Every structure is written in C-alpha cells, then in structure tokens.
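Asker: Sequence:
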Amino acid sequence: MHLEYDTGMSNKIFKCYRPIYFDMAKIGNGIQMGLSWIPDSNGHVPGNAISVGEGIYIARMHESGDLIPGKVVSQYNKAFCSHDGRELEHQNYEVLCDTCAPGTSQCFRWLPASNGNVPDNAVVGGLSKYGDALYVARSEISGEPVAGKVHHGHTNAYFPYGGKEHAVKQYDVLVWCKK
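Under full-length UniProt numbering, the first residue of the sequence shown carries the number 1, and numbering increases by one thereafter.
It should be emphasised that the hints constitute simulated quantities derived from the structure, not laboratory data. In this text the structure is predicted, and so the values were computed from the model without any measurement. Be aware that one or more of the hints could be misleading.
[Claimed, not checked] Computed cross-link-like contacts, EDC-like style, restricted to lysine to aspartate or glutamate with a CA-CA straight-line distance of at most 16 angstroms:
| # | residue 1 | residue 2 |
| --- | --- | --- |
| 1 | Lys164 | Asp132 |
| 2 | Lys78 | Asp40 |
| 3 | Lys164 | Glu140 |
| 4 | Lys129 | Glu140 |
| 5 | Lys164 | Glu87 |
| 6 | Lys78 | Glu54 |
| 7 | Lys129 | Glu63 |
[What the hints assert, rightly or not] Pairwise CB distance ranges (calculated):
| # | residue 1 | residue 2 | range |
| --- | --- | --- | --- |
| 8 | Pro102 | Lys129 | 32 to 42 angstroms |
| 9 | Ser64 | Pro102 | 20 to 30 angstroms |
| 10 | Cys177 | Glu54 | 21 to 31 angstroms |
All C-beta atoms, glycine included, are put in the ideal place defined by N, C-alpha and C.
Sequences and hints are given; from them, build the entire structure.
Answerer: Written as structure tokens, this is what we have:
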C-alpha cells in the first residue's frame with residue numbers, strides 16, 4: 001500500500017510503503033542518514049545506541065498497528081512505548097544507532113520544540129496505523145530522561161513513564177544535521 005501525506009515540513013510530501021521497515025533512519029523527505037534501526041531484545045542495546053540518559057536509549061516497537069518510538073531501559077531488561085494513555089512493555093524492539101562512517105562528525109542533534117511542532121529535518125521514528133509520522137523526541141518526567149514521540153498533527157509529545165503515557169508541551173526533537 002502506498003500512502004502520501006503532508007508532514008508539515010516545508011510543504012514536502014512524505015511517501016511511505018507498508019509493511020514498514022527502515023534500515024536507515026530517514027527525515028521527512030526521504031533522505032537517508034547515518035542512523036540505523038538495529039533489532040534487539042530483552043534490554044540489550046548495540047554499543048553505538050543513541051542514549052537520552054544513563055542506561056536509557058531510543059527504540060521503536062510495533063503496537064496495535066503502529067510503529068512507535070520509545071525507549072529501552074537497560075536496568076528493566078525491556079523497552080517501553082506510550083499508546084492510548086498507557087506505558088506498554090516490549091521484549092522485542094529496534095534500537096536507533098549511530099552508524100556514521102568512522103571519523104565523520106555526528107549527523108544528528110537535538111533541537112527544542114513545543115506544542116506538537118517539529119523542526120525542519122526531524123527524524124521520523126515510526127508511523128501510526130493511519131500513516132501519520134511519529135518523530136523521535138526526548139524530555140524528562142519526574143527528573144528522569146525519557147524518549148518518545150511527537151505524533152504529527154497533535155499538540156504534544158508523548159512519553160512512556162511510570163505505567164502511563166505523559167503528554168508534554170515542551171520537548172526536544174532529534175534532527176538531521178546537514179553537512
């Protein structure tokens with residue numbers, strides 16, 4: 001199935017094909033970058049996994065027809081995503097890893113955003129079952145770093161923590177750095 005929708009980024013149309021599996025991370029207009037989603041499980045992460053805090057890494061997992069960005073927490077031996085107001089646990093997931101060529105500079109950075117907005121070149125970490133882009137986001141809940149999603153068209157970012165989905169107005173979004 002072929003889906004087209006406006007990502008809200010410079011009036012570009014983002015095209016997706018299902019089933020969805022990205023080897024390399026992409027930004028809204030389909031540019032590949034030096035980030036890759038690596039399958040893993042049971043709290044394990046590759047050595048080049050991107051961290052948002054001590055023992056907490058960016059992940060994504062399948063849930064109810066969505067591919068949702070979330071977090072791996074090593075000490076709990078599992079990954080978590082937020083969906084429908086809840087924090088959900090997963091044993092199998094993909095971890096976002098820095099796969100830039102050795103000796104090159106980092107190809108990503110975090111930029112502040114708010115109210116459901118995302119900066120240009122935001123990294124698409126997944127898709128809703130309706131084809132909406134889910135961007136990679138980070139924040140803090142109760143002083144703890146978390147990774148989650150900005151759902152295109154919503155007015156918050158969403159993060160899994162403490163058994164619940166937390167809606168946050170101010171957050172950081174992972175973006176590709178043009179070289």
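Asker: Are the hints correct? Go through all of them and say.
Answerer: Right, here's what the structure says about each hint:
1. For the given pair, Lys164 sits about 22 angstroms from Asp132 by alpha-carbon distance, which is inconsistent with the 16 angstroms threshold.
2. As the CA atoms of Lys78 and Asp40 are separated by approximately 10 angstroms, the hinted pair is consistent with the 16 angstroms bound.
3. With a C-alpha separation of about 14 angstroms, the suggested pair Lys164 and Glu140 falls inside the 16 angstroms cut-off, and the hint holds.
4. The suggested pairing of Lys129 with Glu140 is violated, with an alpha-carbon distance near 27 angstroms, which exceeds 16 angstroms.
5. A hinted pair counts as satisfied when its Cα atoms are at most 16 angstroms apart, and Lys164 with Glu87 qualifies at roughly 5 angstroms.
6. The straight-line distance between the Cα atoms of Lys78 and Glu54 is roughly 15 angstroms, inside the 16 angstroms bound, and the hint therefore holds.
7. Among the hinted pairs, Lys129 with Glu63 is consistent with the structure: their alpha-carbon atoms are about 9 angstroms apart, no more than 16 angstroms.
8. The given range of 32 to 42 angstroms is respected by Pro102 and Lys129, whose C-beta atoms sit roughly 38 angstroms from each other.
9. Range check, Ser64 to Pro102: Cβ separation about 39 angstroms, and the 20 to 30 angstroms hint is violated.
10. Judged by the Cβ atoms, the range 21 to 31 angstroms given for Cys177 and Glu54 holds: they are separated by roughly 24 angstroms.
Checked against the numbered hints given earlier, this structure breaks hints 1, 4 and 9; the rest are met.
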